[in-house]
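A.B. asks: Below, each chain spelled out in residue letters.
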Amino acid sequence: MSISTASPRTPSAHKAGGAPPGRRKTLRHGPSAWLTAPALVFFFLFAVLPLGGVFVLSFMHWDGIGQITWAGFANWASVLTDPLTGNSLWITLKVILLSCAVQIPVSLLLGVFTAGQQRYRAVLAVLYFIPLLLSNAAVAIMFMALLDPNFGMSAAIPIPLLSQDWLGNPDLALGVVIFVLSWSHIPFHILVYQGGARQIPASLYEAAQIDGASKVQQFFAITLPQLKYTFITSTTLMVVGTLTYFDLIFVLTGGGPGNATSVLALRMYLEGFRGNDMGAASALGVILAVFGLALALLLQRLGGKNRQASQMEGA
Amino acid sequence: MKQRQGTGSTGFGRRNITGGAAGWVWLAIIIIPLYYVVITSFKDQQAFFASNPLLPSTSPTLDNYQLVLENDFLRYFSNSVIVTVGAVIPAVLVSFMAAYALVRGSGRLLGGINQLLLLGLAIPLQATIIPIYWGITRLYLYDTLLALILPSIAFAVPVSVLILANFLRDVPNELFESMRLDGCSDWSMMWRLAFPLIRPAIATIAVYNALNVWNGFLFPLILTQSSDNRVLPLSLWAFQGEFSINAPAILAAVVLSVIPLVVLYMIGRRQLVAGLTAGFSK
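In order, the protein sequence lines correspond to chains A and B. Number 107 in the working numbering belongs to position 105 of the first sequence; there are no gaps in the numbering. Number 1188 in the working numbering belongs to position 152 of the second sequence; there are no gaps in the numbering.
For the record, the hints were derived by calculation from the structure and aren't laboratory data. Built from N, CA and C at the ideal position, the CB exists for glycine as well. Just so you know, not all the hints are guaranteed correct.
The following label-pair restraints were derived from C-beta to C-beta distances [claimed, not checked]: (1) A/ALA209 / B/LEU1177: 56 to 64 Å; (2) A/LEU51 / B/TRP1060: 45 to 53 Å; (3) A/GLY170 / B/VAL1117: 32 to 40 Å.
Calculated lysine to any residue pairs in the SDA-like style (CA-CA distance at most 25 Å, straight line) [to be verified]: (4) A/LYS230 / B/GLY1059; (5) A/LYS96 / A/ALA215; (6) A/LYS230 / A/PHE75; (7) A/LYS230 / B/THR1054; (8) A/LYS96 / A/GLN211; (9) A/LYS96 / B/LEU1254; (10) A/LYS230 / B/ASP1206; (11) A/LYS230 / B/VAL1309; (12) A/LYS230 / B/GLN1151; (13) A/LYS230 / A/ALA215; (14) A/LYS230 / B/ALA1058; (15) A/LYS230 / A/VAL218; (16) A/LYS96 / A/LEU272; (17) A/LYS230 / A/GLN166; (18) A/LYS230 / B/LEU1254; (19) A/LYS230 / A/PRO151; (20) A/LYS96 / B/VAL1309; (21) A/LYS230 / A/VAL108; (22) A/LYS230 / B/TYR1072; (23) A/LYS230 / A/LEU300; (24) A/LYS230 / A/GLY55; (25) A/LYS96 / B/ILE1065; (26) A/LYS96 / B/ILE1053; (27) A/LYS230 / B/ALA1314; (28) A/LYS230 / A/GLY260; (29) A/LYS96 / B/GLN1151; (30) A/LYS230 / A/GLN211; (31) A/LYS230 / B/ARG1205; (32) A/LYS230 / A/PHE275.
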């Protein structure tokens, strides 16, 4: 975090390597921009072009196999009037907001906590990492078994409140999705906050202690403000990640029961690859991309303009 | 939040009661599901239906593992290895070259490239999948492992460049200048000075990308079809369909799919965690 490190880093990333003026020309000469070419080729072919392509395809009729034909605004008209679109947008928004509401405080608290020195915290931090090793498919299958009303947890714990058909009840399924999402994502964000917290200079705490600040005051006056950029990095990742979250929900609930957990990304898959309507799915893809880019930019704004862009999207 | 009763210590709380309690609660939340999966994978069908789900079987069996291994598990495993290695090595090499140019070079062109790659971090993978599917079928790569490798490289580039650039910026300029005075070209400085110096960051990026590619689900689901080209996460999903009533066997497949990563994690844990926390919080 640039704000908390003392390293004499130049504010602008790409100029950091430039030699000061007055040196011999050979020194000022930097590496060729061609070195970025191989990375850019991949990036253009499989990320930038497809991003443009999805926009183009949203004005086409295509079943995924046959000819692609011009559709005009037909896909957009059908997508924008389909109540399922509004429904999936609303569910996506709920998932983003609620999972941030769960993930941010837990990751912040545990990240700051594990940044401390005690030995057992190091052991905890090792175990916290384990969910990151599981694929989303594995996480989903694990929780399907665990939440099974007949053979899962419900059978082990004779508390009626806990014996529910968690995934079969439309009122509960979304909550389960948010819980499982948080289960698999919080460990990563704990790591991010841990890294941020470790970079806060101890001298700030020493000074606060001399001034007689309590621990609680120190947390709010030093720790929280110093973690501002970590917060932005972590939250951007969280939001963009959740927005495109697909595989876990696909395996866990398939969007059901009914359409209770049918987020935008899943809606798009079903429309395109199950419904063989790539045009309408592309229109949903455009909405998804705009949504993602807008949220990332919004979070960057919140971070302040004087900060190097990379830090935010660092994300 | 930070109630600390320690005496005159500096830095973070020695006694952080809220954090401590939350830490143990969270540990339980993480461990219980994992514990359930492992013990269930050793139960036979009968024990699964009859016994308490949270108690280990009195007569553990390896039958489930045998069943999974007999169902082409090793083929899916090797497919996953091919795709992961095939995507991660090129991704790391091209990202390192790009990061080197962005940090050591200057000019508006490189500045623009930097901005573009940063923006790339916000491109949702999901939104681009239909054009990628179109492109892959047009290249006659549909249902091949190469179809999974190529886009995986592309989506690994932005974050890899970002993290590697963060580390490269910390290499003192004097080292480069003295090599320059010795007449070194940028190409050889890059590989003989920068690459060895930031090897920890290279390792971090490699493991981080490997984790993402190994666990990827969307590309395999959409870009492959036959079981010959199936990778592990997709095989779990397929097992789920095939063995739908044999939950212990499905969970044995889950355990088998995670073991390679647990082994890797145990080998490279310090490196990985230190690199990740530094890389994302710089």
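A.B. asks: Compare the structure with each hint and give your call.
C.D. replies: Hints, one by one, checked against the model:
| no. | hint | result |
| --- | --- | --- |
| 1 | A/ALA209 / B/LEU1177: 56 to 64 Å | 60 Å, holds |
| 2 | A/LEU51 / B/TRP1060: 45 to 53 Å | 49 Å, holds |
| 3 | A/GLY170 / B/VAL1117: 32 to 40 Å | 37 Å, holds |
| 4 | A/LYS230 / B/GLY1059 | 22 Å, holds |
| 5 | A/LYS96 / A/ALA215 | 38 Å, violated |
| 6 | A/LYS230 / A/PHE75 | 43 Å, violated |
| 7 | A/LYS230 / B/THR1054 | 21 Å, holds |
| 8 | A/LYS96 / A/GLN211 | 41 Å, violated |
| 9 | A/LYS96 / B/LEU1254 | 23 Å, holds |
| 10 | A/LYS230 / B/ASP1206 | 22 Å, holds |
| 11 | A/LYS230 / B/VAL1309 | 21 Å, holds |
| 12 | A/LYS230 / B/GLN1151 | 22 Å, holds |
| 13 | A/LYS230 / A/ALA215 | 20 Å, holds |
| 14 | A/LYS230 / B/ALA1058 | 22 Å, holds |
| 15 | A/LYS230 / A/VAL218 | 17 Å, holds |
| 16 | A/LYS96 / A/LEU272 | 20 Å, holds |
| 17 | A/LYS230 / A/GLN166 | 40 Å, violated |
| 18 | A/LYS230 / B/LEU1254 | 33 Å, violated |
| 19 | A/LYS230 / A/PRO151 | 42 Å, violated |
| 20 | A/LYS96 / B/VAL1309 | 31 Å, violated |
| 21 | A/LYS230 / A/VAL108 | 16 Å, holds |
| 22 | A/LYS230 / B/TYR1072 | 38 Å, violated |
| 23 | A/LYS230 / A/LEU300 | 15 Å, holds |
| 24 | A/LYS230 / A/GLY55 | 36 Å, violated |
| 25 | A/LYS96 / B/ILE1065 | 23 Å, holds |
| 26 | A/LYS96 / B/ILE1053 | 32 Å, violated |
| 27 | A/LYS230 / B/ALA1314 | 16 Å, holds |
| 28 | A/LYS230 / A/GLY260 | 40 Å, violated |
| 29 | A/LYS96 / B/GLN1151 | 31 Å, violated |
| 30 | A/LYS230 / A/GLN211 | 22 Å, holds |
| 31 | A/LYS230 / B/ARG1205 | 22 Å, holds |
| 32 | A/LYS230 / A/PHE275 | 41 Å, violated |
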